[in-house]
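Student: The listed protein sequences correspond, in order, to chains L and D.
Position one of the first sequence corresponds to residue 1 (the numbering used here), numbered consecutively onward.
Position one of the second sequence corresponds to residue 366 (the numbering used here), numbered consecutively onward.
Note that these hints are calculated values from the structure, not bench results.
Accuracy of the hints is not assured; some may be wrong.
Facing chain L, a subset of chain D residues (Cβ under 8 angstroms, in silico) [to be verified]: (1) 497; (2) 501; (3) 504; (4) 505; (5) 506; (6) 538; (7) 546; (8) 548; (9) 550; (10) 565; (11) 640.
We put the beta carbon where it would ideally sit given N, CA and C, even for glycine.
So you can see what is in the structure, the chains are spelled out below.
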Amino acid sequence: MSVSASPRSVTPKLKSLRVRDLTKSFADTAAVKGFDLDVAGGEFISLLGPSGCGKTTTLNCVAGLLDPDAGSIELDGKNVTADPPEKRGFGMVFQNYALFPHLTIARNISFGLEVRGVSRAEIDRRVDRALELVQLAGVRQRYPSQLSGGQQQRVALARAIVTEPPLILMDEPLSNLDAKLRLEMRHEIRRIHQSLGLTTLYVTHDQEEALSLADRVVLMRDGVIEQSGSPEELYAQPRSLYVANFLGYRNLLPVQVGAMNGVSVSVDANGARFTGSARGPLVQGGAAVATIRPRDIQVLAIGAPGTIAASVELAEFVGDGFELSADAGRGQRFIARTAERWSAGDQVALRLPPERLLVFPAEAT
Amino acid sequence: MKRRRFDPTLLLLGPAVLVVLGLFVYPFIYGLILSFEPYGDNEANGFLGSYMAFFGDARERLSIWNTLRLAVPATFIDVAIAVPLAYRLRRPVPGQRAITALLVIPLTLGTVLIAEGMLQFFGPAGWVNKTLLLIGVVDHPVQFLHNYLGTLISLLISDFPAVFLLLLGYASGIDPALDRAARTLGASWWQRTWRVTLPMLVPGIAVAAALSFVATFSVFPSAVLVGNPAGETRVIAFAAWQAAYEHFDYSMGSAIAIVMGAIELGLVAASLSLRAGGYRRLSTEGAR
Chain L
1 MSVSASPRSV TPKLKSLRVR DLTKSFADTA AVKGFDLDVA GGEFISLLGP
51 SGCGKTTTLN CVAGLLDPDA GSIELDGKNV TADPPEKRGF GMVFQNYALF
101 PHLTIARNIS FGLEVRGVSR AEIDRRVDRA LELVQLAGVR QRYPSQLSGG
151 QQQRVALARA IVTEPPLILM DEPLSNLDAK LRLEMRHEIR RIHQSLGLTT
201 LYVTHDQEEA LSLADRVVLM RDGVIEQSGS PEELYAQPRS LYVANFLGYR
251 NLLPVQVGAM NGVSVSVDAN GARFTGSARG PLVQGGAAVA TIRPRDIQVL
301 AIGAPGTIAA SVELAEFVGD GFELSADAGR GQRFIARTAE RWSAGDQVAL
351 RLPPERLLVF PAEAT
Chain D
366 MKRRRFDPTL LLLGPAVLVV LGLFVYPFIY GLILSFEPYG DNEANGFLGS
416 YMAFFGDARE RLSIWNTLRL AVPATFIDVA IAVPLAYRLR RPVPGQRAIT
466 ALLVIPLTLG TVLIAEGMLQ FFGPAGWVNK TLLLIGVVDH PVQFLHNYLG
516 TLISLLISDF PAVFLLLLGY ASGIDPALDR AARTLGASWW QRTWRVTLPM
566 LVPGIAVAAA LSFVATFSVF PSAVLVGNPA GETRVIAFAA WQAAYEHFDY
616 SMGSAIAIVM GAIELGLVAA SLSLRAGGYR RLSTEGAR
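Build the full structure now, drawing on both the sequences and the hints.
Tutor: This is the structure we're talking about:
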């Protein structure tokens with residue numbers, strides 16, 4: 001799923017970003033609690049989580065737009081926690097782009113260079129290069145309102161990278177684009193990140209975006225890091241039910257823990273018995289949740305051994321196959337992805353591979 | 366080409382058109398014609414007699430200067446105070462409603478009531494002079510009233526709310542992300558003010574200044590009540606009133622009123638061209 005990284009031709013400007021014990025509260029609610037993060041030069045880090053998990057607050061603290069209540073932010077070993085954003089020199093791409101409506105595209109991009117007192121000739125050269133890099137031509141003298149959403153996004157990107165910042169911060173930059181443009185810009189962002197040797201901190205609530213773009217995903221929940229690791233790691237080894245659910249484990253089955261044998265655990269769901277892989281501390285006889293991705297469920301013809309019978313309620317065509325919603329009785333409903341054509345009313349047999357069926361201790365939530 | 370059918374809902378415009386015709390267009394044209402029909406001694410100079418009399422008399426000419434001397438500084442000061450205040454209050458801050466209400470109160474008072482209040486407050490035995498004497502800033506009571514200063518203060522108070530409210534509307538329309546974007550791009554407070562905030566406010570400033578100028582240029586009650594209408598605050602509206610109702614020269618009065626209108630029109634056109642030359646509001650739409 002991840003875009004494979006080509007060998008980097010450019011040395012990253014950043015050596016290290018170190019965030020320690022970052023804490024920020026609004027009124028009485030803690031938005032971020034004891035957040036730690038180490039970023040190495042050239043890394044693409046994605047802060048992932050639902051709205052309200054503290055990811056944007058974290059980003060704004062790193063940018064300097066918010067003052068943390070506690071904690072420190074170090075850039076190449078230098079403490080910048082007290083520096084205002086204008087002193088940090090990070091590039092930032094905003095959700096609504098925040099282009100200056102009264103300035104032309106060229107002047108929008110050169111803004112950061114102008115306030116630094118860069119010479120006119122140098123500005124022209126660098127603006128040209130930035131426009132070339134984001135593949136925008138012939139818009140220099142236009143105004144932001146005259147560009148499409150995708151073009152504005154490219155300008156915002158060009159404006160953020162033209163000053164060659166050590167760190168680029170992106171706050172849900174693709175959320176205002178339609179699906180096709182989103183995919184296109186996703187590739188653009190990753191391509192630019194690689195070709196310039198940028199270090200990027202990218203906030204999103206979209207798991208697909210985070211997994212495909214990032215070298216490392218930091219999944220947040222209620223202001224703390226729930227799990228952090230490579231996209232493959234999070235995808236295959238979710239540490240908690242929360243992470244699993246967020247990363248596409250859409251089938252959640254309340255179960256009772258039965259016999260355990262190493263990582264293999266047998267569970268009982270309203271009389272139906274399954275074998276799954278234990279995740280976290282399980283207690284025999286205790287409550288747990290078994291979860292599996294739709295695409296990991298095998299849909300077979302009725303009567304296959306080691307399966308449960310279900311009847312198809314809904315079959316949605318989703319391009320590369322069908323997404324089925326199947327009723328297995330006992331109040332259990334499974335969502336499965338399959339390449340074969342099934343229709344509503346069909347009787348099927350579902351096989352849940354034990355290594356793909358993860359069993360987590362039940363959570364209070 | 367399709368023939369356009371008469372839309373009966375257009376009849377609803379009728380009353381409004383009648384009001385405009387009756388209360389604005391007719392008196393204006395009547396006054397314009399009257400101004401070209403000189404009266405008395407001025408009749409000998411032909412149809413421009415009243416205008417020639419006005420511009421030929423140094424005392425009359427001076428009324429233009431007297432008015433500009435009040436209207437321009439009043440507009441300038443009000444805009445200069447309202448811009449930072451409106452920008453500061455564009456987002457909710459504690460006590461914002463109370464502050465805004467306080468700033469808008471003069472709008473409901475009217476110039477005469479403000480002038481009455483000033484007569485007490487700024488008088489030789491009023492609070493202002495008492496305070497100044499008490500803290501030792503001055504030895505004698507300051508003459509705030511019945512002069513240029515009194516009229517200027519009155520204009521500042523009565524004109525401020527409209528300027529403030531108009532600019533508040535413009536300021537709260539500025540996307541707060543622009544300031545944050547400018548910060549991350551390395552712009553200092555000054556650079557953000559000069560390169561982002563003020564340019565974004567220019568259209569609002571132009572409109573506010575134009576309206577404020579028209580309002581203050583037609584000053585009349587405060588120039589009489591807290592000014593010195595025989596001297597330094599003999600404003601053009603007062604000159605017109607004097608010609609018409611003290612000398613009963615309606616032609617002269619109308620001519621002065623037309624001159625007044627022409628000057629106002631000129632300055633409004635000047636401020637609006639500043640707006641057209643600058644950044645236009647439509648440019649924000651796509652960025653949202």
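Student: Which of the numbered hints are not met once you compare them with the structure shown?
Tutor: Violated hints (numbers, rising): 1, 2, 3, 4, 5, 6, 11; every other hint is consistent with the structure.
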